[in-house]
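Each protein sequence line maps, in turn, to chains A and B. To convert, note that position 94 of the first sequence is 102 in our numbering; the numbers rise steadily by one, no gaps. To convert, note that position 106 of the second sequence is 178 in our numbering; the numbers rise steadily by one, no gaps.
A couple of the hints might just be wrong.
[Claimed, not checked] Computed cross-link-like contacts, EDC-like style, restricted to lysine to aspartate or glutamate with a CA-CA straight-line distance of at most 16 Å:
{"hint": "1", "chain 1": "A", "residue 1": "Lys112", "chain 2": "B", "residue 2": "Asp128"}
{"hint": "2", "chain 1": "A", "residue 1": "Lys107", "chain 2": "B", "residue 2": "Glu157"}
{"hint": "3", "chain 1": "A", "residue 1": "Lys13", "chain 2": "B", "residue 2": "Glu157"}
{"hint": "4", "chain 1": "A", "residue 1": "Lys45", "chain 2": "A", "residue 2": "Asp67"}
{"hint": "5", "chain 1": "A", "residue 1": "Lys112", "chain 2": "A", "residue 2": "Asp9"}
{"hint": "6", "chain 1": "A", "residue 1": "Lys76", "chain 2": "A", "residue 2": "Asp63"}
{"hint": "7", "chain 1": "A", "residue 1": "Lys107", "chain 2": "B", "residue 2": "Asp128"}
{"hint": "8", "chain 1": "B", "residue 1": "Lys83", "chain 2": "B", "residue 2": "Glu157"}
Please keep in mind that the hints were generated in silico from the structure rather than gathered at the bench.
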Amino acid sequence: DQQVKQNSPSLSVQEGRISILNCDYTNSMFDYFLWYKKYPAEGPTFLISISSIKDKNEDGRFTVFLNKSAKHLSLHIVPSQPGDSAVYFCAAYAGSNYKLTFGKGTLLTVNP
Amino acid sequence: GAGVSQSPSNKVTEKGKDVELRCDPISGHTALYWYRQSLGQGLEFLIYFQGNSAPDKSGLPSDRFSAERTGGSVSTLTIQRTQQEDSAVYLCASSNGQLTNEKLFFGSGTQLSVL
Chain A
9 DQQVKQNSPS LSVQEGRISI LNCDYTNSMF DYFLWYKKYP AEGPTFLISI
59 SSIKDKNEDG RFTVFLNKSA KHLSLHIVPS QPGDSAVYFC AAYAGSNYKL
109 TFGKGTLLTV NP
Chain B
73 GAGVSQSPSN KVTEKGKDVE LRCDPISGHT ALYWYRQSLG QGLEFLIYFQ
123 GNSAPDKSGL PSDRFSAERT GGSVSTLTIQ RTQQEDSAVY LCASSNGQLT
173 NEKLFFGSGT QLSVL
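Given the sequences, and given the hints that come with them, work out the whole structure.
Dropping the structure here:
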């Protein structure tokens, strides 16, 4: 039973355009959501997060949007750069829990 | 060291052999996690340590898997009688304090291949 779903295994965009990565979740107890970025042969690194009391969080080129009623979140990268090419994992946890639940990841390729 | 260190980075073993994977967390981090990523899958939670104790071992796939942590620092994940389905990247992460998942710092992982 996948509680965090990233239905697009891959996404390809042109440099300078917007990248939109999507994530859906099923567990209504989740109240904190995170995006991690992973380069080959490296561990995931934290990118951006959002609490369920917000619907948007922005950090530079990265913005995360949360739609609680749809149990959906998305990560926008504007403008996309070749160095953004990586696997992006969506993750979630319930505030009383220490356990992060991850999606399968989306491979983003930004073409020069 | 500055980050979470895992060794070995790659391990190839024969089916039925035992393997030990090591994790050195960031100094002072009290929480330590083991995850694994099988091919085409997300990161699967295995076990969580707070200090030397493991309040949650629920993610360990079978009794062939065990982990310990000593001195509130180094952790070892042991897989006995390895099977081909154990092949995966095993990731360790550490955190300073409780429930601050955004502050999880991951190591580069151990790529385990069981032939």
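Query raised in the report: Which hint numbers does the structure go against, in order from smallest to largest?
Result: Structure breaks hints 1, 2, 3.
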